[in-house]
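Trainee: Residue numbers (the numbering used here), protein chains in the order written: chain A, 1 to 115; chain B, 116 to 231.
No lab work stands behind these hints, which were simulated from the structure alone.
Fair warning: there could be bad hints in the mix.
[Unchecked claim] When the alpha-carbon atoms are kept at most 27 Å apart in a straight line, the in silico DSSO-like pairs for lysine-lysine are as follows:
{"#": "1", "chain 1": "B", "residue 1": "Lys164", "chain 2": "B", "residue 2": "Lys218"}
{"#": "2", "chain 1": "B", "residue 1": "Lys218", "chain 2": "A", "residue 2": "Lys57"}
{"#": "3", "chain 1": "B", "residue 1": "Lys164", "chain 2": "A", "residue 2": "Lys57"}
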Amino acid sequence: KAGVTQTPRYLIKTRGQQVTLSCSPISGHRSVSWYQQTPGQGLQFLFEYFSETQRNKGNFPGRFSGRQFSNSRSEMNVSTLELGDSALYLCASSLEAGGRNQPQHFGDGTRLSIL
Amino acid sequence: AQSVAQPEDQVNVAEGNPLTVKCTYSVSGNPYLFWYVQYPNRGLQFLLKYITGDNLVKGSYGFEAEFNKSQTSFHLKKPSALVSDSALYFCAVRDTGRSSASKIIFGSGTRLSIRP
Numbered sequence: 001k002a003g004v005t006q007t008p009r010y011l012i013k014t015r016g017q018q019v020t021l022s023c024s025p026i027s028g029h030r031s032v033s034w035y036q037q038t039p040g041q042g043l044q045f046l047f048e049y050f051s052e053t054q055r056n057k058g059n060f061p062g063r064f065s066g067r068q069f070s071n072s073r074s075e076m077n078v079s080t081l082e083l084g085d086s087a088l089y090l091c092a093s094s095l096e097a098g099g100r101n102q103p104q105h106f107g108d109g110t111r112l113s114i115l
Numbered sequence: 116a117q118s119v120a121q122p123e124d125q126v127n128v129a130e131g132n133p134l135t136v137k138c139t140y141s142v143s144g145n146p147y148l149f150w151y152v153q154y155p156n157r158g159l160q161f162l163l164k165y166i167t168g169d170n171l172v173k174g175s176y177g178f179e180a181e182f183n184k185s186q187t188s189f190h191l192k193k194p195s196a197l198v199s200d201s202a203l204y205f206c207a208v209r210d211t212g213r214s215s216a217s218k219i220i221f222g223s224g225t226r227l228s229i230r231p
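In isolation and in its complexed conformation, chain A is listed as follows:
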């Protein structure tokens, strides 16, 4: 079974631009979560989607948004990019809503660099 696929793996943008990251979950998984990982802040939760609905949201500004499609694929969008948005963005999928006692399966991430 294929794992979680994130595209692109690497991305370079400049301040003020916007970016869209894509995540394809494991087949059959309907819950998709996004995380931002930086050396200083560690792993921070962005949002979680289940069946095309946002179930949870972290403490990020409105510039960060996401959506989930009917095939469970998810996209994350960041507008008006800032230098501090440089990070590894990780997507994780799990079987059930919130993945309560199910482990999350992570993709290898998209490394976003802002110049």
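Starting from the known structure of chain A, arrange chain B on it as the hints suggest.
Mentor: This is chain B only, laid out in the frame that chain A set:
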């Protein structure tokens, strides 16, 4: 509110020696607890979880973790460390309540370094 703490930023162990990576948690109810490992330029990889039952949980690559409710701890252990165990380890917790607001919370990570 849920929280999880990994008090050590780095743990250094000689190959062949036992290793322990510490994790303590705080939840309002009963916890679901997880350990993940991250290798360079990769995503997190699930190692093991505690849901209920036996306090000693066995996972991948010879790792195990002991759930201690009185000390609210879930330390990761391995009897004999390998150089290939060198990586970043994350502890995570989620409470067992049915609220959709329940999120999984990750610790800050502990870098494990195994010297030959």
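Trainee: Mind checking the alpha carbons of Lys164 of chain B and Lys57 of chain A for me, to see if they're no more than 27 Å apart?
Mentor: With Cα atoms ~24 Å apart, Lys164 of chain B and Lys57 of chain A stay inside 27 Å; holds.
Trainee: Measure nothing beyond the straight line between the CA atoms of Lys218 of chain B and Lys57 of chain A; if it is 27 Å or shorter, mark the hint as holding.
Mentor: 9 Å, holds
Trainee: For the pair supplied as a hint, Lys164 of chain B and Lys218 of chain B, is the alpha-carbon distance within the 27 Å limit?
Mentor: 16 Å, holds
Going down the numbered hints, you'll see the structure goes against none, and every one checks out.
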